[in-house]
Amino acid sequence: MRPTYPNEGISVSSTIMTVDDSPSMRMLLRAALTDLGYTVLEAEDGVQALERLDGVEPDLLITDINMPRLDGFGLIEKVREQDRHRNLPILVLTTESSDEKKQRARSAGATGWIVKPFHPDKLAAAIRRVLH
Amino acid sequence: MKGAVRTADGLRRITIMQGETKVSDDPDAVLTTVLGSCISACLFDSVAKVGGLNHFLLAEPGSGETDVTSLQRYGVYAMEVLINAMLAMGATRTNLKARIYGGASLRDGFRDIGTTNALFARRFLRDERIALVGEDVGGYGARRVEFRPTLGLARCRIANIRPVEQLRVTPVPVPVAAVGDVEFF
Chain X
1 MRPTYPNEGI SVSSTIMTVD DSPSMRMLLR AALTDLGYTV LEAEDGVQAL
51 ERLDGVEPDL LITDINMPRL DGFGLIEKVR EQDRHRNLPI LVLTTESSDE
101 KKQRARSAGA TGWIVKPFHP DKLAAAIRRV LH
Chain H
133 MKGAVRTADG LRRITIMQGE TKVSDDPDAV LTTVLGSCIS ACLFDSVAKV
183 GGLNHFLLAE PGSGETDVTS LQRYGVYAME VLINAMLAMG ATRTNLKARI
233 YGGASLRDGF RDIGTTNALF ARRFLRDERI ALVGEDVGGY GARRVEFRPT
283 LGLARCRIAN IRPVEQLRVT PVPVPVAAVG DVEFF
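Here the protein sequences come in this chain order: X and H. Sequence positions in the first sequence follow the working numbering and run 1 to 132. Sequence positions in the second sequence follow the working numbering and run 133 to 317.
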């Protein structure tokens, strides 16, 4: 019989939702974030992220920009329209690095911008900074 | 355009170097590259008549980043840059088809980089549900690839039989200054 633990079922780690249309990128992020001890939720585009955010309250959202249906800019704007997610930190993780796009993300309500390919140590430092 | 040469057949040849990506919807364009252990993925959308190719090496031996995840980060990045450029030119993700070339064997004492590159490319395409419709990978020779982006047709020839080591060029990695850069608003 499987032993039970007093804290079983109680999440003690922070939860991060990753939004990226690339399964490969979601797998890389899941591996990196799980290694860091975080619980990971995933969505494959902005529309699915909004649906999933209905039922959960992650501690951080990490989103790509170029995605079908609803891109990262649209997702950030929609999330910020909801009172309950007003203070949710949102990090953009993208191959893009133009000032114009950064400015758009900033206006939409993003917390920060990380250029791919991400370095696990830099990603970890950025996450710690916005979670505390 | 820099690097483009119009030849007698009226086609415009554009050479892609290691670390570069090029996408085109020009029916007269030929994207061409020479590969040793590196990989080129040729992607095309036959509906939008857009195609492109990249040319990448997962990582240099001795760069310190030899664990599987580090290698994959470079590959996933190189592929994402190509896919995003394709989508920006009007391609649709579900229409994308792929050919892969390169990945010649080059033993550096602890692993076969070419084989690692080819395995990565195949796995990436499978994970991303992009159909692999043609490939010429492995072996020991260098390859010259010529790709017609709007037709999705590629020609791959063994460029010569010199050991691929002699054809290796200094890697042009992803823009290092920007890699993993973090900016808070």
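To be clear, the hints were calculated from the coordinates, so they are not data collected in a lab. Treat each hint with caution, since some may be false.
What the hints assert, rightly or not - In silico contact screen, one side only, chain H against chain X (beta carbon under 10 Å); selected entries:
| hint | residue |
| --- | --- |
| 1 | Arg225 |
| 2 | Phe256 |
| 3 | Asp259 |
Said to hold, decoys possible - With a straight-line Cα cutoff of 35 Å, these simulated DSBU-like cross-link-like pairs (lysine-lysine) come out:
| hint | chain 1 | residue 1 | chain 2 | residue 2 |
| --- | --- | --- | --- | --- |
| 4 | X | Lys78 | H | Lys181 |
| 5 | X | Lys122 | H | Lys181 |
| 6 | X | Lys78 | X | Lys102 |
| 7 | H | Lys229 | H | Lys181 |
| 8 | X | Lys102 | H | Lys181 |
| 9 | H | Lys181 | X | Lys101 |
| 10 | X | Lys122 | X | Lys101 |
Unchecked claim - Just a sample of chain X residues kept apart from chain H, beta carbon distances all over 10 Å, derived:
| hint | residue |
| --- | --- |
| 11 | Ser14 |
| 12 | Thr15 |
| 13 | Asp21 |
| 14 | Val40 |
| 15 | Asp59 |
| 16 | Pro68 |
| 17 | Gly74 |
| 18 | Glu81 |
| 19 | Asp83 |
| 20 | Arg84 |
| 21 | Arg86 |
| 22 | Thr95 |
| 23 | Glu100 |
| 24 | Lys102 |
| 25 | His132 |
Glycine included, every Cβ here is placed at the ideal spot set by N, Cα and C.
Check each numbered hint from earlier against the structure, then list the numbers of those it violates in ascending order. Checked against the structure, the hints that fail are numbers 5, 13, 16, 22, 24, while the rest are satisfied.
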